[in-house]
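2 protein chains.
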Amino acid sequence: MEKGMFENVLKDSIMRRLNNLTKPIGSLGYLEKIALKMGLIQNKVIPDLPKVKRIYVFAADHGVVEQGVSAYPKQVTYQMVLNFLNGGAAINVFGRHVGADVYVVDAGVDGDFEFTHPNLINAKIGYGTADFTKGPAMTRTQAIECIEKGKEIAKKAIEEGTDLLVLGDMGIGNTTTATAISVAFGFDIDEILDIGTPIDNDTLERKRQAVEKAIEINKPNADDPIDVLEKVGGFCIGQMAGFIIEATSRHIPVVVDGFPTTAALLLAWKLEPSVLDFVFAGHKSKVKGHKVLLDAMNLRPILDLDMRLGEGTGGALAISIIEAAIKMIREMATFDDAGVSKGSDSV
Amino acid sequence: MEKGMFENVLKDSIMRRLNNLTKPIGSLGYLEKIALKMGLIQNKVIPDLPKVKRIYVFAADHGVVEQGVSAYPKQVTYQMVLNFLNGGAAINVFGRHVGADVYVVDAGVDGDFEFTHPNLINAKIGYGTADFTKGPAMTRTQAIECIEKGKEIAKKAIEEGTDLLVLGDMGIGNTTTATAISVAFGFDIDEILDIGTPIDNDTLERKRQAVEKAIEINKPNADDPIDVLEKVGGFCIGQMAGFIIEATSRHIPVVVDGFPTTAALLLAWKLEPSVLDFVFAGHKSKVKGHKVLLDAMNLRPILDLDMRLGEGTGGALAISIIEAAIKMIREMATFDDAGVSKGSDSV
Numbered sequence: 001m002e003k004g005m006f007e008n009v010l011k012d013s014i015m016r017r018l019n020n021l022t023k024p025i026g027s028l029g030y031l032e033k034i035a036l037k038m039g040l041i042q043n044k045v046i047p048d049l050p051k052v053k054r055i056y057v058f059a060a061d062h063g064v065v066e067q068g069v070s071a072y073p074k075q076v077t078y079q080m081v082l083n084f085l086n087g088g089a090a091i092n093v094f095g096r097h098v099g100a101d102v103y104v105v106d107a108g109v110d111g112d113f114e115f116t117h118p119n120l121i122n123a124k125i126g127y128g129t130a131d132f133t134k135g136p137a138m139t140r141t142q143a144i145e146c147i148e149k150g151k152e153i154a155k156k157a158i159e160e161g162t163d164l165l166v167l168g169d170m171g172i173g174n175t176t177t178a179t180a181i182s183v184a185f186g187f188d189i190d191e192i193l194d195i196g197t198p199i200d201n202d203t204l205e206r207k208r209q210a211v212e213k214a215i216e217i218n219k220p221n222a223d224d225p226i227d228v229l230e231k232v233g234g235f236c237i238g239q240m241a242g243f244i245i246e247a248t249s250r251h252i253p254v255v256v257d258g259f260p261t262t263a264a265l266l267l268a269w270k271l272e273p274s275v276l277d278f279v280f281a282g283h284k285s286k287v288k289g290h291k292v293l294l295d296a297m298n299l300r301p302i303l304d305l306d307m308r309l310g311e312g313t314g315g316a317l318a319i320s321i322i323e324a325a326i327k328m329i330r331e332m333a334t335f336d337d338a339g340v341s342k343g344s345d346s347v
Numbered sequence: 001m002e003k004g005m006f007e008n009v010l011k012d013s014i015m016r017r018l019n020n021l022t023k024p025i026g027s028l029g030y031l032e033k034i035a036l037k038m039g040l041i042q043n044k045v046i047p048d049l050p051k052v053k054r055i056y057v058f059a060a061d062h063g064v065v066e067q068g069v070s071a072y073p074k075q076v077t078y079q080m081v082l083n084f085l086n087g088g089a090a091i092n093v094f095g096r097h098v099g100a101d102v103y104v105v106d107a108g109v110d111g112d113f114e115f116t117h118p119n120l121i122n123a124k125i126g127y128g129t130a131d132f133t134k135g136p137a138m139t140r141t142q143a144i145e146c147i148e149k150g151k152e153i154a155k156k157a158i159e160e161g162t163d164l165l166v167l168g169d170m171g172i173g174n175t176t177t178a179t180a181i182s183v184a185f186g187f188d189i190d191e192i193l194d195i196g197t198p199i200d201n202d203t204l205e206r207k208r209q210a211v212e213k214a215i216e217i218n219k220p221n222a223d224d225p226i227d228v229l230e231k232v233g234g235f236c237i238g239q240m241a242g243f244i245i246e247a248t249s250r251h252i253p254v255v256v257d258g259f260p261t262t263a264a265l266l267l268a269w270k271l272e273p274s275v276l277d278f279v280f281a282g283h284k285s286k287v288k289g290h291k292v293l294l295d296a297m298n299l300r301p302i303l304d305l306d307m308r309l310g311e312g313t314g315g316a317l318a319i320s321i322i323e324a325a326i327k328m329i330r331e332m333a334t335f336d337d338a339g340v341s342k343g344s345d346s347v
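Chains as they are written, first to last, in the UniProt record's numbering: chain A, 1 to 347; chain B, 1 to 347.
Okay, chain A solo, but in the shape it has when bound (with noise of 0.2 Å):
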């Protein structure tokens, strides 16, 4: 209840500095929305820019690309680590565009990385998740060894003085293991099931087959997140529940991007409803469960392009919006700086 009654205080300062900026009340719309939730999160009326900003992709294979769900050969997820390496691929060059850097997390592809790199980091679970039709995709034990690497990445990116974290996920078939996951919480899978890469109806008619064969036969508990992601989980989707627990629990933002990242924040809130509150939506995807899910948690997306690449390519454009919104309430001057006329909105 203290809480609850110093965060009045907050958002009522920082709703009355947002109104007095030479603008009609609420004439910015979301931008205004985006402001005040940084400044809840920072504790601050007017919020800091961030300082530090990393876009942090979990790469990882899933064991049921052997279904032939996607319109990719399964090693295509091993070369695209080498071309985020490289600085290749479109979330290199929107990192650069926006000014955070790229970090590469093998949560477990299926191929080893005899080399070393600044920006990849070894967190492996394993050589890709086992086909979930058959059995599960991975034991309990490596469930919560997902959550506890992906905390631990957080942590350290947060120690190095990040402030400002974007999420991105690269994996053949993720978008089959994230239909799985929602299914599995409940959502209707006609309501989730879409294509990721561009594929045909039979390749969707056997992605369908393949998540609802995954249920049948795991019968996963959406009382027990740890149990979804055992049962229908993958490595990077487990890793990336626990990197947004960790750094939302330390009062980081988190920008998630599409639907498989989405999906580790639906398991993320599963866990830790709190999570919400640190939490923004870089983009809607054109993947059509992806706004399902952002609905089910009441999270609004920045931009609408229809995108669908993941890597935390919405995630990562969205960074120029949220610092827009930040520069509008620390630049922009008040009425009473400015001597400008107030009109009958004012408050």
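Bear in mind the hints are in silico, worked out from the structure with no lab data behind them.
The reader is advised that the hints may include incorrect statements.
You can't tell identical chains apart in this list, so a pair holds if it fits in one copy or across any two.
Unchecked claim - Under the rule of at most 27 Å between Cα atoms (straight-line distance), these lysine-lysine pairs were calculated in the DSS-like manner:
| hint | residue 1 | residue 2 |
| --- | --- | --- |
| 1 | K37 | K219 |
| 2 | K342 | K74 |
| 3 | K219 | K327 |
| 4 | K291 | K33 |
| 5 | K342 | K44 |
| 6 | K270 | K213 |
| 7 | K213 | K134 |
| 8 | K124 | K327 |
| 9 | K288 | K342 |
| 10 | K134 | K151 |
| 11 | K124 | K342 |
| 12 | K134 | K291 |
| 13 | K327 | K51 |
| 14 | K134 | K124 |
| 15 | K288 | K33 |
| 16 | K37 | K156 |
| 17 | K270 | K288 |
| 18 | K342 | K156 |
| 19 | K51 | K270 |
Based on these hints, arrange chain B on the given structure of chain A.
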């Protein structure tokens, strides 16, 4: 026909490049369309990043405010110009954020600026338009003068090296004028009328009556855009139309902002249909009529953040996305370069 053929060859080359970047076909959604359009505008497969970005905010007063259609008193137009020149308005904050200089055009503010400022352009047609509920907003000579002044301003900007332009509008009463222009061109007032600044229902009803009376008394001729401008236009809107026509004739892209700048685009489009090939819609404003105009011109807004401030704020924020789209096609690795396997969607 020659031009069409060359354009198709260029378009094919740009699409081939886009489809060979290391991502599934089309997975960067609208960013790919932006990159394509920018390539066609610049006549290059790989478009250049803009070197000189400028925002032009056209300020003017509107005689119709005498009918009590706004939440703000008329002198706010003058005061906000001073705020722009002092760098304290939202558009200044966002201009700095995206690296664009803000120029303010006095198209017809009711008051003299008795000083010079490097970012203030004196293009005053008069001290605000006449109240168009009682007769034409301006003379036909003034309407033509608006178009010419707007062209001159664009010409100078481009001669000074500007290669990306954002349009903004400031003027108490501007959404009433934009509504009148829309209705004059045949749009249904019920689909257009909305609040600009926050006003109550009585004020909104006065706004409707003012527009209906303006149309009834002045009988603007939809087949003669200059007549529409004369009868129910604004000095700012006329100058922005001229600005758009000149800039696009020189193949310099223009980003429009909210409802008034889009009403200016409507006017420019009626005068010169080819302008749309060079125009981006920065955002969808919360003002209802804005989307109706954008749809009529088949323009998709880049951002959708419930903003309704004007000043060019939505256009300015869209620069970050436009630049990201250009960087995507410039900097991303291709499948061949990166040694990444193509998918079944490859062409």
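Evaluated hints:
Within a single copy, K37 and K219 get their C-alpha atoms no closer than 38 Å, and across copies no closer than 49 Å, so neither meets the 27 Å cut-off. Proximity of K342 to K74 under the C-alpha cut-off of 27 Å is restricted to the inter-copy arrangement: shortest distance 11 Å between copies versus 60 Å within a copy. Neither within a single protomer nor between protomers do K219 and K327 lie at most 27 Å apart by alpha-carbon distance, with minima of 48 Å and 46 Å respectively. In this homomeric assembly, K291 and K33 come within 27 Å of each other (Cα to Cα) both inside a single copy, at 19 Å, and across copies, at 22 Å.
Taking identical chains as interchangeable, the C-alpha atoms of K342 and K44 lie at most 27 Å apart only when both belong to the same chain, with a minimum of 25 Å there against 48 Å between chains. Proximity of K270 and K213 under a CA criterion of 27 Å is satisfied intra-copy only: 23 Å inside one chain copy versus 58 Å between copies. Taking the shortest Cα distances, K213 and K134 sit within 27 Å of each other inside one copy (8 Å), while across copies they are farther apart (73 Å). In this assembly of identical chains, the alpha carbons of K124 and K327 never lie at most 27 Å apart, being 39 Å within a copy and 32 Å across copies at closest.
Taking identical chains as interchangeable, the C-alpha atoms of K288 and K342 lie at most 27 Å apart only when they sit on different chains, with a minimum of 24 Å there against 44 Å within one chain. Taking the shortest Cα distances, K134 and K151 never come within 27 Å of each other, neither inside one copy (29 Å) nor across copies (69 Å). Taking identical chains as interchangeable, the C-alpha atoms of K124 and K342 lie at most 27 Å apart only when they sit on different chains, with a minimum of 25 Å there against 58 Å within one chain. For the homomeric pair K134 and K291, neither the shortest alpha-carbon distance inside one copy (29 Å) nor that between copies (50 Å) is at most 27 Å.
Taking the shortest Cα distances, K327 and K51 sit within 27 Å of each other both inside one copy (13 Å) and across copies (23 Å). For the identical chains of this complex, K134 and K124 are intra-copy neighbours only, at 22 Å inside a copy versus 76 Å across copies, given an alpha-carbon limit of 27 Å. Taking the shortest Cα distances, K288 and K33 sit within 27 Å of each other both inside one copy (25 Å) and across copies (21 Å). In this assembly of identical chains, K37 and K156 lie within 27 Å of each other by CA distance solely inside one copy; the values are 24 Å within and 42 Å between copies.
In the homo-oligomer, the alpha carbons of K270 and K288 lie at most 27 Å apart inside one protomer (21 Å), although the nearest pairing across protomers, at 38 Å, exceeds that limit. For a Cα distance limit of 27 Å, the shortest separation of K342 from K156 qualifies neither inside one copy, at 47 Å, nor across copies, at 35 Å. In this assembly of identical chains, the alpha carbons of K51 and K270 never lie at most 27 Å apart, being 30 Å within a copy and 47 Å across copies at closest.
Against the hints set out earlier in the document, violations occur for numbers 1, 3, 8, 10, 12, 18 and 19.
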